[in-house]
Amino acid sequence: MAVPVVSELYNKFQEAQKYADPRTKDWPMLWSNPIPVWILTASYLVFVLYAGPRFMQNRKPYSLQGFMVVYNLGLVVMSTWMFIEIILSITALEYNWLCAPYNEETRKDPREYRLANILWYYGISKAIELMDTVLMVLRKKNNQITFLHVFHHATMLNIWWWVPTFIPGGQTWFGSCLNCLVHVVMYSYYGLAVIPSLRDKLWWKKYITTFQLVQFVITFSHSAQTYVTGCDFPLWGQYLLMGYMLIMLCLFGNFYIQSYINRKSKSHPKKTDTNGHISESWEQNGTANGNGKYVNRNSKSHKNGVVKRH
1 MAVPVVSELY NKFQEAQKYA DPRTKDWPML WSNPIPVWIL TASYLVFVLY AGPRFMQNRK
61 PYSLQGFMVV YNLGLVVMST WMFIEIILSI TALEYNWLCA PYNEETRKDP REYRLANILW
121 YYGISKAIEL MDTVLMVLRK KNNQITFLHV FHHATMLNIW WWVPTFIPGG QTWFGSCLNC
181 LVHVVMYSYY GLAVIPSLRD KLWWKKYITT FQLVQFVITF SHSAQTYVTG CDFPLWGQYL
241 LMGYMLIMLC LFGNFYIQSY INRKSKSHPK KTDTNGHISE SWEQNGTANG NGKYVNRNSK
301 SHKNGVVKRH
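Per UniProt numbering, the sequence shown starts with residue 1, numbered consecutively.
It is worth saying that the hints were derived from the structure and are not from the lab. Predicted, not measured: the structure shown is a model, and the values here were computed from it. Keep in mind that the hints are not guaranteed to be accurate.
Stated by the list, open to error - Mimicking EDC-like on lysine to aspartate or glutamate, the simulated pairs with C-alpha atoms at most 16 Å apart in a straight line are:
no., residue 1, residue 2
1, K108, D21
2, K25, E104
3, K18, E104
4, K25, E112
5, K25, E15
With the sequences and hints as input, model every part of the structure.
Structural data, given as structure tokens:
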């Protein structure tokens, strides 16, 4: 039953190719074909939900501290570059921030190529960010692999096959640009938290979830006004963005309530990071006891404790 459904869905994708942007549709990872992204998504899900935990079951967690510093700060550099490049691209295009049209005529503008290119890189970054969960598995942080985390990573990868394939321009710039800014802050925290001497100085952790929620509200509002004002941008793209922002608001809103509001009434509150990863402490190498001291997370008395993501 599953195979005919997949086959029918693939045929629909093939039919839709006539609407794909001729500049980008054959670029790496897009290839006028969603199957490579589907395979990557399926491999990701199998590894993080089954194969990875099974492989690590009788093994000690890997430290990977050096790699995590390079990985997280590398994403900071990439996110910063993408944010700046998107701003420079739309400035050169003289976009109206409230309505940036996208149609067959606008994509003939040679200046649009620069924006399409950076939006493709943004899609590539969604594939790179799958490593977030792989690191959790290899470090045996299975309690941090929540529905919110896995859903967000898997869906963003697939959405960003659609976007650079069909609408790499116009209003697409806004949500991706704002998300790059959020990721600069978020991955800066993750990268610096790995360094022991800096952990006590990371005061902004508790504001990251709020920043993400504000991002979703602003992006939804921006897309909603696009719909209301009749901006010349594909309706399905507007529906996709508004719908996804509502889903994120519900999931992250629930996460925020559970993590920062309900926990106040619990005798042993849990702290969490900003991608839905639950932890007893935001510290890198231990869990907090009642006196604010930290103990080895690998000790027998804490072997089942839940700790932060990176």
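Hint check:
| no. | hint | result |
| --- | --- | --- |
| 1 | K108 x D21 | holds, 10 Å |
| 2 | K25 x E104 | holds, 14 Å |
| 3 | K18 x E104 | holds, 12 Å |
| 4 | K25 x E112 | holds, 15 Å |
| 5 | K25 x E15 | holds, 14 Å |
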